[in-house]
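Trainee: Same order as they appear, the protein sequences are chains A and B.
As numbered in my numbering, residues 1 to 337 make up the first sequence, in order.
As numbered in my numbering, residues 1 to 337 make up the second sequence, in order.
No lab work stands behind these hints, which were simulated from the structure alone.
There's no promise every hint is true.
Claimed, not checked - To spell it out: a stretch of chain A is covered by chain B in this simulated footprint if at least three of its residues, at any positions, have a beta carbon under 8 Å from a beta carbon of chain B; those stretches are:
id : stretch
1  : 27 to 35
2  : 260 to 266
3  : 273 to 285
Stated by the list, open to error - Straight-line alpha carbon distances no greater than 25 Å define the calculated DSS-like cross-link-like pairs of lysine-lysine that follow:
id : chain 1 : residue 1 : chain 2 : residue 2
4  : A       : LYS259    : A       : LYS270
5  : A       : LYS270    : B       : LYS145
6  : B       : LYS270    : A       : LYS145
7  : A       : LYS259    : B       : LYS145
Here a beta-carbon is modelled for each residue, glycine too, at the ideal position from N, C-alpha and C.
2 protein chains.
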Amino acid sequence: MKNIQVTLARRPAGKPRPEDFAVVESDTRDISEGEALVRNLYVSLDAGFRNWMDEGSGDNVLPAMPLGQAVMGLVLGQVVASRRPGLEEGSYVMARLAWEQYSIATPGDFLVDIEDDGVHPLSYHLGILGDTGMSAYFGLIDIGKPAPGETVLVSAAGGAVGSVAGQIAKLRGARVIGFAGGDDKCRRLVEEIGYDHAVNHRADDLSQRLAEACPNGIDVYFDNVGGPLQEVVLDHIAQGARIPFCGAVADYGSQERGKGPSNLFQLVTKCALMQGFMTHTQVDRYPEARRQLSAWLAAGQIRAIEQMYQGVENCGVAFSDLFAGRNFGKTVVRVAD
Amino acid sequence: MKNIQVTLARRPAGKPRPEDFAVVESDTRDISEGEALVRNLYVSLDAGFRNWMDEGSGDNVLPAMPLGQAVMGLVLGQVVASRRPGLEEGSYVMARLAWEQYSIATPGDFLVDIEDDGVHPLSYHLGILGDTGMSAYFGLIDIGKPAPGETVLVSAAGGAVGSVAGQIAKLRGARVIGFAGGDDKCRRLVEEIGYDHAVNHRADDLSQRLAEACPNGIDVYFDNVGGPLQEVVLDHIAQGARIPFCGAVADYGSQERGKGPSNLFQLVTKCALMQGFMTHTQVDRYPEARRQLSAWLAAGQIRAIEQMYQGVENCGVAFSDLFAGRNFGKTVVRVAD
Chain A
1 MKNIQVTLAR
11 RPAGKPRPED
21 FAVVESDTRD
31 ISEGEALVRN
41 LYVSLDAGFR
51 NWMDEGSGDN
61 VLPAMPLGQA
71 VMGLVLGQVV
81 ASRRPGLEEG
91 SYVMARLAWE
101 QYSIATPGDF
111 LVDIEDDGVH
121 PLSYHLGILG
131 DTGMSAYFGL
141 IDIGKPAPGE
151 TVLVSAAGGA
161 VGSVAGQIAK
171 LRGARVIGFA
181 GGDDKCRRLV
191 EEIGYDHAVN
201 HRADDLSQRL
211 AEACPNGIDV
221 YFDNVGGPLQ
231 EVVLDHIAQG
241 ARIPFCGAVA
251 DYGSQERGKG
261 PSNLFQLVTK
271 CALMQGFMTH
281 TQVDRYPEAR
291 RQLSAWLAAG
301 QIRAIEQMYQ
311 GVENCGVAFS
321 DLFAGRNFGK
331 TVVRVAD
Chain B
1 MKNIQVTLAR
11 RPAGKPRPED
21 FAVVESDTRD
31 ISEGEALVRN
41 LYVSLDAGFR
51 NWMDEGSGDN
61 VLPAMPLGQA
71 VMGLVLGQVV
81 ASRRPGLEEG
91 SYVMARLAWE
101 QYSIATPGDF
111 LVDIEDDGVH
121 PLSYHLGILG
131 DTGMSAYFGL
141 IDIGKPAPGE
151 TVLVSAAGGA
161 VGSVAGQIAK
171 LRGARVIGFA
181 GGDDKCRRLV
191 EEIGYDHAVN
201 HRADDLSQRL
211 AEACPNGIDV
221 YFDNVGGPLQ
231 EVVLDHIAQG
241 ARIPFCGAVA
251 DYGSQERGKG
261 PSNLFQLVTK
271 CALMQGFMTH
281 TQVDRYPEAR
291 RQLSAWLAAG
301 QIRAIEQMYQ
311 GVENCGVAFS
321 DLFAGRNFGK
331 TVVRVAD
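This is chain A alone, in the form it adopts within the complex (with noise of 0.2 Å):
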C-alpha cells in the first residue's frame, strides 16, 4: 500500500522548523507475527516530542529518534490487519506510532484500545479526552486544588492542556486569568474560552499587568511552560500559593539551561507549593477523569478547542507552529476520515 510519511530530516536547532522535515513516499511491508497495521486517522502533535530529536537525546522512556525515518508521534488510528492477539481488525487505537499514513505497531508498541462512543469526534482521544485532558484535569484539581473565588493563573493559556485547565478552574468557581503571547490571542482566551482576563506575557510592564489583573495574588499558577515567566509570576503569588508544574515548553528545544529564578524563596515567605507531574503516572485514573470531562462535554459546560490541520504532510508545519506560538487549543492533523 502507498504510504506517505513525514520523517525527520534533519535534527532541529533549537525550535523545529518545516525544513527540519521531509515528506516522503513509500510502501507498507506485510506485517509479522504480533503486529498490526494501522490506518492512521490523526496525528496528535505534543511538544514534548522534541525532547527526542536530537542526537544523543534518548532517555529512559524513548531512544532518540532516528534521521530519515517516519518522526515518532501520538496517532489514533483504525486497525486494518492485525496478527497482535487480542487487536482486532476494525478497532480504533491510540499508539505512539509515526507521522504517515499506515503505520506497523510491533510487539511492545504503546497502544489503547479506543472506544468510539458515537457522542464525541474521535479527534478529542487526543486532546480533551487524552493525555493533555488529563494533564489539566489531574494539575488542576490535584494539586492546583482551586476554591471558589481564588484566583487561578494558567501559561500558555490557549494551548492543548492550558485551554482544559482555564475551563475547569473556571467551573470551580475560580477568577481564572490566562497568559498568552499576544493580543490576538489574548482576546480569543476570554472570547473563546471563557476567560476572565488575559495578559500579554510579552508585554514590557508585565509585572505591572499581572498585578493588577491578580490584586489579591496569584492562588493557583497552572505553569505550563516554565522558563522566564516563572520569576514573574512568583513575585506575585498569594499566601499558601499552588503551582501545578506541568511541562516546559519554554525548555524544549533550547540548547543550554535557561537562568532560573532568581525569587524561589518566595516559596518559602508565602508557604507555597511547586509540583511536576507527569500525567502517565495517574494512568489508573484516567475513566475517572475521562467520565468527568465527558459529562462536561456533553452538558456544554467545557468546549474542545481543536487547531485541524489537513493531510499528513502538514504534520512538520504543524509541529513547527506550536513552537513559534501559532498554536491555539490541540493541534491535531487528520490523516484521514
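Let chain A serve as the given structure and place chain B on it in line with the hints.
Mentor: Positioned in the frame of chain A, the structure of chain B alone reads:
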C-alpha cells in the same frame, strides 16, 4: 537597673560582622500599665532576623530595625515585674524582645509562656523544643515524609534545624546524608549527630560526590539554604522526590537576587514537589510536635546540639558566626543563669 545592650551600630553590608553591633550600657525604665520587665536568660540567634536589618526592610511581619537601638531577637527570660494582665512575676516566657539583659515587653509584643518541666534545660525551648525543632519536625514529617530505606539529604545539616531534621529522618529509618561546609563539620555530622554520610558542599566535584553518596537518587531534600546548591541537588533527585524548603540562609544578607536553578524542570521529569513553609503557620500543632521531641530526648533517641556563647555582649559575634558558617547546632547566648 543597669542594662547591657547590644545595638545595631550600622546596617550590615551583606553578611553581618561583629563591628556592625555595639555594646552599650543604659538603665531600665519603670514599666507602665500593660507592660512587663523581663530578665533575659538566653538569646536565640536566628539568621532570619537579618531580614529586618536593612534600611527600609520592614514588611507586613515587622518593621526594619532602627539604628542605635538594641537588636531585635528572640529571647527566653523570667518576668521580674509585671503590669500585664495574666502574666505572673517569676514565670518564664519566650518573646520577641532584644539583645539585652533586661527587656520591657509592651502590649502587643509576641510573648508565650514557657513551662519549666524540670527535665529539659530551658534553653531547649529556643531550639529543639522551639521554632527550629518545630521547623525540622513539620518540614520532615509533613512534607518530606521519608519512608524507611529512602535517602534523605539535609543542607546546613549541622545547623539548628538541620541537626534535628537529620536525626528525625534517621529515626524514621531513612539513610541520611548531610551537607556541611568543610571537612571538620562533615566529620562532626557523622560523629556527633549520627548522619550516615556527609558531603562537603564546597567540594569542586560536588555533583560527582553527591552521585556517589546517593546512588539511588535523593528522595527527600530538606533544604535549609536555597541558593546554588539547589541546582546541584535537582540533578540527583529520585522519582517522586519531596523538597521541604525551610529557609534560605544563602539568600539572607545578599544584596541582590542570586541566580535560580536552571534545571527546575527536573521537578516535572521526576514528578517531584518543592514546598516552602514557615513553622508559625503550624502553631496549633506545636504541642504534638513538642511531646514527640520531648519523648525522643528523654529516651536518648535524639540529641539537642547547642552552641552556647556566654554573656549578652557576645550576641553580635554569635550572630556573625552564623553567617560565617561557624555554627554547629542551635546558637544560643547565655545572658544570665
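Trainee: Taking beta carbons only, do three or more residues of the stretch 260 to 266 of chain A come closer than 8 Å to chain B?
Mentor: Since 7 is at least three, the answer is holds.
Trainee: Sort out whether LYS270/A lies within 25 Å of LYS259/A, counting only the CA atoms.
Mentor: With Cα atoms ~22 Å apart, LYS259/A and LYS270/A stay inside 25 Å; holds.
Trainee: Does the structure keep LYS259/A and LYS145/B at a Cα separation of 25 Å or less?
Mentor: 30 Å, violated
Trainee: Examine the stretch 273 to 285 of chain A: at least three residues should have C-beta closer than 8 Å to a C-beta of chain B.
Mentor: Coverage by chain B holds here, the residue count being 7 at a Cβ distance below 8 Å.
Trainee: Count the residues of the stretch 27 to 35 of chain A whose CB lies closer than 8 Å to any CB of chain B, then report whether that count reaches three.
Mentor: Three-residue rule not met by the stretch 27 to 35 of chain A, so violated; n is 0.
Trainee: Is the Cα-Cα distance between LYS270/B and LYS145/A 25 Å or less?
Mentor: 21 Å, holds
Trainee: When you check the alpha-carbon spacing of LYS270/A and LYS145/B, does it fall within 25 Å?
Mentor: 21 Å, holds
Against the hints set out earlier in the document, violations occur for numbers 1 and 7.
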